[in-house]
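From first to last, the protein sequence lines are chains A and B.
Throughout the first sequence, residue numbering follows numbering that gives the first Met the number 0, covering 0 to 104 in sequence.
Throughout the second sequence, residue numbering follows numbering that gives the first Met the number 0, covering 0 to 104 in sequence.
Hints were generated in silico from the structure; no laboratory data involved.
Careful: at least some of the hints might be erroneous.
What the hints assert, rightly or not - Okay, derived cross-link-like pairs now, SDA-like style, lysine to any residue, Cα gap no bigger than 25 Å in a straight line:
1. B/Lys4 - A/Leu5
2. B/Lys4 - A/Gly81
3. B/Lys103 - A/Gly81
4. B/Lys103 - A/Gly73
As the list claims (entries may be wrong) - Which residues of chain A face chain B? A few of them, derived with a C-beta cut under 7 Å, are:
5. Met0
6. Met27
7. Pro102
Don't be surprised by glycine CBs; every beta carbon is placed ideally from N, CA and C.
Chain by chain, the residues:
There are 2 protein chains.
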Amino acid sequence: MEITKLTDAERFDPAKMTKNLLVASDHMFCDLYCLEPGQAQKVHAHDGSDKVYVVLDGTATLTVGEEVQAVGPGHAVVARAGVAHGIRNDSAGRVTALVVMAPKP
Amino acid sequence: MEITKLTDAERFDPAKMTKNLLVASDHMFCDLYCLEPGQAQKVHAHDGSDKVYVVLDGTATLTVGEEVQAVGPGHAVVARAGVAHGIRNDSAGRVTALVVMAPKP
Chain A
0 MEITKLTDAE RFDPAKMTKN LLVASDHMFC DLYCLEPGQA QKVHAHDGSD
50 KVYVVLDGTA TLTVGEEVQA VGPGHAVVAR AGVAHGIRND SAGRVTALVV
100 MAPKP
Chain B
0 MEITKLTDAE RFDPAKMTKN LLVASDHMFC DLYCLEPGQA QKVHAHDGSD
50 KVYVVLDGTA TLTVGEEVQA VGPGHAVVAR AGVAHGIRND SAGRVTALVV
100 MAPKP
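Take these sequences, add in the hints, and give me the full structure.
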């Protein structure tokens with residue numbers, strides 16, 4: 000059985016946020032994003048793929064379209080195909096988020 | 000912004016396990032499964048869709064193909080298209096799991 004322990008994938012880099020693969024399949028992938036304070040994923044869009052962020056630890060600042068919002072642990076946010084989105088860490092603590100994307104771009 | 004608090008979707012039913020929608024998009028959906036002790040999802044397969052289980056609380060018993068394994072919180076398990084899979088709660092406590100499926104069957 001393919002089992003991944005989420006915390007085993009945790010990796011923080013003082014230079015930039017990290018994306019750490021948890022699961023890749025033909026139809027989707029799941030990453031663990033790790034952001035030190037001040038780190039960010041540039042706002043971008045995917046034409047044909049939806050993305051879901053599930054904040055696991057810390058408070059992330061999510062951008063979806065024109066909206067920017069602080070999102071705490073245990074919340075899921077969807078960015079549908081074609082809609083600009085990004086995550087950043089404006090907080091004083093670390094942020095980890097489970098990120099699902101389908102289909103694989 | 001479409002934000003769902005996972006615990007807001009939590010719903011336990013003494014009669015059977017529940018599947019509670021968190022996010023639905025064109026390319027995937029995310030459910031929160033809630034299982035009381037003894038409850039189960041029948042082992043089944045989807046021809047064209049992959050499923051990922053992320054156990055959030057409690058210890059679930061996952062079946063993927065011929066394998067059956069106890070899986071604790073913070074672990075992700077993938078069941079690829081065509082492979083039989085299911086979740087049950089053989090423990091004495093409640094189980095919640097985030098379940099992602101792509102594409103929507």
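To see whether the hints hold, each was checked on the structure:
With a C-alpha separation of about 20 Å, the suggested pairing of B/Lys4 with A/Leu5 holds against the 25 Å cut-off. About 24 Å separates the Cα atoms of B/Lys4 and A/Gly81, which keeps this hinted pair within 25 Å; it holds. Between B/Lys103 and A/Gly81 the CA atoms are separated by roughly 18 Å; this keeps the pair inside 25 Å, and the hint holds. Distance restraint check for B/Lys103 and A/Gly73: the Cα-Cα separation of roughly 23 Å lies within the 25 Å cut-off, and the hinted pair is therefore satisfied.
About 4 Å separates the beta-carbon of A/Met0 from the nearest beta-carbon of chain B, less than 7 Å, and the hint is met. Interface restraint check for A/Met27: the shortest CB-CB distance to chain B comes to about 4 Å, inside 7 Å, so the restraint holds. For A/Pro102, the suggested interface contact is upheld, since its CB lies about 6 Å from the closest CB of chain B, less than 7 Å.
Of the numbered hints given earlier, the model fails none.
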